[in-house]
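Participant: The lines below spell out each chain.
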Amino acid sequence: MTPAQMDKLGIGDDKVYGVIGEFSDPHDLVAAGRKIRGMGYTKLDAMTPFPVHGIDDAIGVPASKLGWIVVCFTILGILTAQGLIYWVGAVNYPLVIGGKPLYDVSYSIPVTFELAVLFSAFAAFLGMWAINGLPRLYHPSMVYKNSHRASDDRFLLVIEADDPMFEPAKSADHMRTVGAAEVEVVEG
Amino acid sequence: MSDHHAIHAETYQMEAARWQAGRNTLAFVALASILACLAGYFLDAPRFFHSYLVAFAFTTFIGIGAFFFVMVQFLTGSAWSVTMRRIMENIMITIPVGLILFIPIVLGIKEIYPWTNPEVVAASESLRAKSAYLSENFFILRGVIYFALWSLWAVAIYRQSTKQDTEKSIQQMHVASRWSAPGLFLAVVVGSLASFDWLMSLMPTWYSTIFGLVTLAGGSLSFFSIVTLVCLGFRRAGILKDAITDEHYHDLGKWLFALTAFYTYVAFSQYMLIWYANIPEETEWYRHRMEGGWFAISIAMPFLRFLIPFFVLLCRAAKRSKTIIALIAVWSLVVEYIDLYWVVMPTYYKDGPQFHWLDLATLAATVSICGLVFWSRFQKHKMVPVGDLRLEQSLHFENA
Chain L
1 MTPAQMDKLG
11 IGDDKVYGVI
21 GEFSDPHDLV
31 AAGRKIRGMG
41 YTKLDAMTPF
51 PVHGIDDAIG
61 VPASKLGWIV
71 VCFTILGILT
81 AQGLIYWVGA
91 VNYPLVIGGK
101 PLYDVSYSIP
111 VTFELAVLFS
121 AFAAFLGMWA
131 INGLPRLYHP
141 SMVYKNSHRA
151 SDDRFLLVIE
161 ADDPMFEPAK
171 SADHMRTVGA
181 AEVEVVEG
Chain U
1 MSDHHAIHAE
11 TYQMEAARWQ
21 AGRNTLAFVA
31 LASILACLAG
41 YFLDAPRFFH
51 SYLVAFAFTT
61 FIGIGAFFFV
71 MVQFLTGSAW
81 SVTMRRIMEN
91 IMITIPVGLI
101 LFIPIVLGIK
111 EIYPWTNPEV
121 VAASESLRAK
131 SAYLSENFFI
141 LRGVIYFALW
151 SLWAVAIYRQ
161 STKQDTEKSI
171 QQMHVASRWS
181 APGLFLAVVV
191 GSLASFDWLM
201 SLMPTWYSTI
211 FGLVTLAGGS
221 LSFFSIVTLV
231 CLGFRRAGIL
241 KDAITDEHYH
251 DLGKWLFALT
261 AFYTYVAFSQ
271 YMLIWYANIP
281 EETEWYRHRM
291 EGGWFAISIA
301 MPFLRFLIPF
311 FVLLCRAAKR
321 SKTIIALIAV
331 WSLVVEYIDL
341 YWVVMPTYYK
351 DGPQFHWLDL
361 ATLAATVSIC
371 GLVFWSRFQK
381 HKMVPVGDLR
391 LEQSLHFENA
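Residue numbers (the numbering used here), protein chains in the order written: chain L, 1 to 188; chain U, 1 to 400.
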């Protein structure tokens with residue numbers, strides 16, 4: 001494994017993952033995120049037990065690429081269904097059933113709809129995994145003592161070490177000034 | 001925050017001068033169009049009744065759409081919609097007017113519905129079998145019962161909502177939810193029966209179980225279109241500008257999008273199954289719409305109803321654009337009218353659509369009468385349910 005890959009997985013010797021600040025209220029998290037971003041930080045992350053409205057905007061998470069992946073697969077699903085119905089019914093084994101045409105838009109729609117939905121669902125699910133680098137068994141934020149509470153009743157804000165402005169002691173101070181109850185420099 | 005205080009200072013009461021201006025305009029349109037309708041009745045009664053049925057169905061099913069979605073807001077305890085819920089409720093409360101708007105249908109029953117003709121019934125075995133249900137008195141009685149039930153529920157829920165403006169208690173929310181659960185059945189099941197009676201029985205031998213859902217989906221889409229346009233109109237006049245934010249318009253855009261897809265789903269299901277089963281008494285209805293000038297509308301429907309609005313609204317930026325959702329809202333209302341016209345008129349004009357000034361007059365009459373009831377509520381009550389405990393949450397709501 002190359003050092004870059006190890007860095008990405010947050011493993012290795014002296015790897016600092018970032019500064020984690022802990023909040024007990026989702027609104028405080030959003031407000032703090034906005035302030036931290038205002039200070040000029042760009043590599044931010046948040047860990048919350050449920051989707052917090054407005055956090056993407058506050059910490060500058062770019063719009064997800066997932067929609068485009070899904071649209072491509074939806075179109076692929078539509079083409080697959082139309083191709084399948086046409087080829088099977090009108091080319092490979094032309095057989096008149098119930099006096100219906102060998103190919104007709106009317107009855108091709110349900111199958112087209114189903115395949116479009118099926119392809120989209122798979123693309124959304126697997127695409128989400130791929131974008132998030134899943135499955136992975138370890139994430140450096142797990143080192144933080146209260147990380148398990150990010151799936152219960154705590155809201156974590158992270159300044160990642162990749163950030164050009166990141167300096168462990170200074171960033172931890174910044175995190176305190178925006179109101180984090182607990183702040184820790186986490187080494188993964 | 002300064003804007004925070006500005007929101008609290010807002011009284012959510014429409015200014016008297018503005019209210020009167022709106023009322024005067026609506027009253028003038030109502031008066032003029034009612035006179036035009038009366039003239040049309042004496043000049044060409046059958047044409048008047050058919051035009052009127054289209055206009056009547058247009059406004060009634062918008063009311064039922066409002067009825068359904070107001071109850072959904074209560075049942076789901078949704079916070080996003082609170083700032084615009086009073087506008088929705090004011091549309092819902094136009095339902096009781098239906099009892100008056102139903103009168104011309106009763107008067108024109110012989111002109112509109114072929115099953116009122118004994119010769120037609122005697123000639124058809126299936127109509128003889130249906131004659132107990134499709135009889136004039138029972139038809140009128142059912143119409144009255146539908147409106148009475150809807151009105152009872154709509155008024156009960158409306159009262160709780162306005163009572164909460166002053167009481168500011170959670171109690172009214174609970175009572176409204178308790179009415180809402182059975183009310184959903186009333187909206188959908190009775191709404192379906194109403195669409196069978198008023199629209200499907202125009203061709204009494206034809207039947208389609210899903211027809212009710214198609215009609216209700218169209219009404220619901222029109223309802224959200226009207227909510228969108230009213231909110232944007234208010235915004236332009238500087239009313240509720242801080243209360244209904246970009247986030248709320250985004251959600252209205254999502255509803256326009258969702259109901260466009262839902263309408264297509266049910267309308268296509270009806271068409272596809274009838275096409276596939278190929279049973280003469282079912283295909284006859286589409287057959288009439290595939291002939292003459294009606295064919296052009298039939299072939300345009302997938303584009304008007306689905307392809308254009310669906311792909312326009314598909315991306316997030318479009319749903320967040322007030323210009324685009326305003327255009328789609330106007331589009332959906334126009335298409336809904338064309339759709340109902342296409343459902344009703346082929347029984348009158350076999351060869352194709354023929355425009356008549358009575359189409360506009362009857363539409364203006366039902367819309368302005370319902371509009372007056374809608375507007376009158378803004379004088380009596382706050383424009384926002386100020387007692388709702390989720391109001392603050394709704395004011396600061398953001399989409400994920």
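Hints are computed from structural coordinates only; laboratory data are not their basis. None of the values given here were measured: they were computed from a predicted structure. Ideal Cβ placement from N, Cα and C applies to all residues, glycine included. Treat the hints loosely; a few may be bogus.
Looking from chain U toward chain L, a few residues come up when the C-beta cut is under 10 Å (computed) [claimed, not checked]:
(1) W206
(2) Y207
(3) T209
(4) E247
(5) Y265
(6) F268
(7) Y271
(8) C315
(9) R316
(10) S321
Quick list of in silico lysine-lysine cross-link-like pairs, DSS-like style, CA-CA up to 27 Å [to be verified]:
(11) L:K65 / U:K254
(12) L:K35 / L:K170
(13) L:K65 / U:K322
(14) L:K43 / L:K15
(15) L:K145 / L:K43
(16) U:K241 / U:K382
Participant: All hints, please: hold or fail.
Facilitator: Going down the list of hints, with the structure as the test:
no. : hint            : verdict
1   : W206            : violated (19 Å)
2   : Y207            : violated (20 Å)
3   : T209            : violated (18 Å)
4   : E247            : holds (9 Å)
5   : Y265            : holds (8 Å)
6   : F268            : holds (6 Å)
7   : Y271            : holds (7 Å)
8   : C315            : holds (8 Å)
9   : R316            : holds (8 Å)
10  : S321            : violated (16 Å)
11  : L:K65 / U:K254  : holds (20 Å)
12  : L:K35 / L:K170  : holds (15 Å)
13  : L:K65 / U:K322  : holds (24 Å)
14  : L:K43 / L:K15   : holds (16 Å)
15  : L:K145 / L:K43  : holds (22 Å)
16  : U:K241 / U:K382 : holds (15 Å)
In this structure, the earlier hints numbered 1, 2, 3, 10 are contradicted, and the remaining ones agree with it.
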